[in-house]
Amino acid sequence: MRCRFSFAFLSLLLLLPSVNSFAVTRDEIKSALEARYRYTVPGFFGDFKAIGSVLIVQEEGLRKHKPSALFKPNVIAGGRITASGGSGLPLGGNLDGSLKVGDQLYLYGISSGDDYVELNLFTVKTVVVTGSGTRGPTPLQATTRFRYDGGLAGVSSRQVINDIAHWFRTEEEARRAPDGRATRTIRLGQTLDEVVAIFGAPEKEILLGSKTVLVYRDVKVVFVDGKVTDAE
Numbered sequence: 001m002r003c004r005f006s007f008a009f010l011s012l013l014l015l016l017p018s019v020n021s022f023a024v025t026r027d028e029i030k031s032a033l034e035a036r037y038r039y040t041v042p043g044f045f046g047d048f049k050a051i052g053s054v055l056i057v058q059e060e061g062l063r064k065h066k067p068s069a070l071f072k073p074n075v076i077a078g079g080r081i082t083a084s085g086g087s088g089l090p091l092g093g094n095l096d097g098s099l100k101v102g103d104q105l106y107l108y109g110i111s112s113g114d115d116y117v118e119l120n121l122f123t124v125k126t127v128v129v130t131g132s133g134t135r136g137p138t139p140l141q142a143t144t145r146f147r148y149d150g151g152l153a154g155v156s157s158r159q160v161i162n163d164i165a166h167w168f169r170t171e172e173e174a175r176r177a178p179d180g181r182a183t184r185t186i187r188l189g190q191t192l193d194e195v196v197a198i199f200g201a202p203e204k205e206i207l208l209g210s211k212t213v214l215v216y217r218d219v220k221v222v223f224v225d226g227k228v229t230d231a232e
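So for the sequence shown, my numbering puts the first residue at 1; every next one is plus one.
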């Protein structure tokens with residue numbers, strides 16, 4: 001009996017490293033998202049230092065409101081909206097606080113907690129908000145949080161990416177071929193960031209000095225000095 005118990009206990013110990021190897025930290029999930037989406041960096045005078053990924057709304061029900069540090073995020077859990085974002089106060093005038101399918105959003109940043117990933121989103125379209133304290137047109141905030149009851153430790157980067165893609169698609173993903181599949185194009189001279197924006201995070205990244213290879217399920221993309229030189 002003791003021998004049988006010891007064997008079973010030893011077998012369990014041998015399994016533990018393989019189980020833990022599938023665990024993904026919230027920092028790893030955030031890194032995977034940052035490899036897929038590019039940030040927009042606003043300037044001080046209403047301009048932009050950098051324009052990143054434009055996300056296109058795919059579902060109704062999300063809310064937007066004038067920018068504020070107290071903005072309540074839209075919360076999505078289990079594939080549905082569990083809390084509407086924004087403020088209980090109306091925007092004013094004839095402005096509608098609802099996001100519509102097809103609305104375009106800039107991504108200003110990504111944050112994460114033990115059980116959520118949050119996208120700091122602002123509308124591409126600017127509006128004049130009466131009483132907002134801003135001069136001239138301003139973008140509206142539409143920050144959205146994806147919450148997981150079991151915590152981020154229980155989900156994969158791929159699941160989070162898929163959950164986000166159900167609600168928001170990049171411009172590249174939204175361009176559909178007649179058969180319904182996204183048209184993805186690789187061109188000579190494209191940068192690493194441009195390819196990742198089109199194809200998403202690679203399954204593998206091989207670093208060979210000035211040469212880099214991104215490995216996807218159906219293609220390998222070769223870069224030299226950060227530019228596409230070949231694809232297989």
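Simulated from the structure, these hints should not be mistaken for lab results.
Wrong hints could be hidden among the right ones.
What follows is a list of derived Cβ distance ranges for each label pair [stated by the list, open to error]:
| # | residue 1 | residue 2 | range |
| --- | --- | --- | --- |
| 1 | ASP225 | ARG80 | 39 to 47 angstroms |
| 2 | ASP225 | SER156 | 43 to 51 angstroms |
| 3 | GLU60 | ASN162 | 40 to 48 angstroms |
| 4 | LYS227 | ALA77 | 37 to 45 angstroms |
| 5 | PHE45 | THR229 | 36 to 44 angstroms |
| 6 | VAL101 | THR130 | 36 to 44 angstroms |
| 7 | LEU207 | GLN159 | 21 to 29 angstroms |
| 8 | ILE51 | ILE206 | 28 to 36 angstroms |
| 9 | GLN104 | GLU194 | 15 to 23 angstroms |
| 10 | PHE45 | GLY150 | 29 to 37 angstroms |
| 11 | LEU208 | ARG80 | 20 to 28 angstroms |
| 12 | GLY43 | SER87 | 20 to 28 angstroms |
DSS-like, lysine-lysine: derived pairs with alpha carbons at most 30 angstroms apart [unchecked claim]:
| # | residue 1 | residue 2 |
| --- | --- | --- |
| 13 | LYS204 | LYS125 |
| 14 | LYS100 | LYS211 |
| 15 | LYS204 | LYS30 |
| 16 | LYS49 | LYS30 |
| 17 | LYS227 | LYS72 |
| 18 | LYS227 | LYS211 |
| 19 | LYS49 | LYS227 |
| 20 | LYS204 | LYS227 |
| 21 | LYS72 | LYS30 |
| 22 | LYS211 | LYS72 |
Model, not experiment: these values are computed from the prediction.
Note that beta-carbon positions come from the ideal geometry of N, C-alpha and C, so glycine has one too.
Notebook entry, point to check: Quick check: which numbered hints come out false for this structure?
Noted result: The structure conflicts with hints 2, 3, 6, 10, 11, 13, 14, 17, 22, although it agrees with all the remaining ones.
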